[in-house]
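Asks: As given, the protein sequences belong to chains B and V, one line each in that order. When we follow the numbering used here, the leftmost residue of the first sequence carries the number 1, and every step to the right adds one. When we follow the numbering used here, the leftmost residue of the second sequence carries the number 1, and every step to the right adds one.
No lab work stands behind these hints, which were simulated from the structure alone. Note that the Cβ used here is the ideal one computed from N, Cα and C, for glycine as well. Among these hints, one or two may not hold up.
To be verified - Covered stretches of chain B (in silico footprint by chain V; criterion: 3 or more residues with CB under 8 Å from a CB of chain V, positions within the stretch not fixed):
1) 11-22
2) 60-73
Stated by the list, open to error - Derived EDC-like pairs (lysine to aspartate or glutamate); straight-line CA-CA distance at most 20 Å:
3) B/K11 to V/D43
4) V/K11 to B/E40
5) B/K14 to B/E53
6) V/K81 to V/E29
Number of protein chains: 2
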Amino acid sequence: MFGKHPSALRKPSKELLAALSKNLRAAREAQRLSQEALAERSDLHRTYVGSVERGERNVSLSTLETLAVALGVEPADLLQKGGGHARA
Amino acid sequence: MFGKHPSALRKPSKELLAALSKNLRAAREAQRLSQEALAERSDLHRTYVGSVERGERNVSLSTLETLAVALGVEPADLLQKGGGHARA
Numbered sequence: 001m002f003g004k005h006p007s008a009l010r011k012p013s014k015e016l017l018a019a020l021s022k023n024l025r026a027a028r029e030a031q032r033l034s035q036e037a038l039a040e041r042s043d044l045h046r047t048y049v050g051s052v053e054r055g056e057r058n059v060s061l062s063t064l065e066t067l068a069v070a071l072g073v074e075p076a077d078l079l080q081k082g083g084g085h086a087r088a
Numbered sequence: 001m002f003g004k005h006p007s008a009l010r011k012p013s014k015e016l017l018a019a020l021s022k023n024l025r026a027a028r029e030a031q032r033l034s035q036e037a038l039a040e041r042s043d044l045h046r047t048y049v050g051s052v053e054r055g056e057r058n059v060s061l062s063t064l065e066t067l068a069v070a071l072g073v074e075p076a077d078l079l080q081k082g083g084g085h086a087r088a
């Protein structure tokens, strides 16, 4: 069973992207950080952070962790559906 | 503040990779699936699934979700440190 689709061509579900979006914004706002301040703190570009927060990115584990560390939450928290621990 | 490092060059922490490794194996074994069976079920290559389970991959959110769906767990569960919900 070869001929698999490269994972880079897949997209996360809308549900998971919506959870990440909501949790990321909640954690950022709980820290009273602007997207720009979070970008500086995580050494990512401001527009990239914005696109992740809008649920437009198939982020890597390392990016998810970088954002979590910058926000003082766990990577798993950012993926919790229903808001989880990252809720403000 | 431009000149950021592309996120593709970052690696997840050893701690996070170890958690993913442990949770993935526990969830797979709880389902009594071989790595090969999980690979078939998730439409990923067998050797790729093995490398993710060894904590060698900076997986994307979509790959994390694909594996979680195939195992009947939540993506967040696979990142829980200390074993979390994915523990067998």
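Asks: State for each hint whether it applies.
Replies: Okay, the hints, checked on the actual structure:
1. Check result for the stretch 11-22 of chain B against chain V: holds, 6 residues qualifying (beta carbon to beta carbon below 8 Å, three or more required).
2. Residue count for the stretch 60-73 of chain B with a Cβ under 8 Å from a Cβ of chain V: 7. That meets the three needed, and the coverage hint holds.
3. Taking the CA atoms of B/K11 and V/D43, the gap is near 14 Å; set against the 20 Å cutoff, the hint holds.
4. Taken as a hint, the V/K11 and B/E40 pair is honoured in the structure, with Cα atoms around 19 Å apart against an allowance of 20 Å.
5. For the hint linking B/K14 to B/E53, the alpha-carbon distance of about 13 Å falls within 20 Å, and the restraint holds.
6. Under the criterion of a C-alpha separation no larger than 20 Å, the hint pairing V/K81 with V/E29 is consistent with the structure, at around 18 Å.
When the structure is compared with the earlier hints, no violation turns up for any of them.
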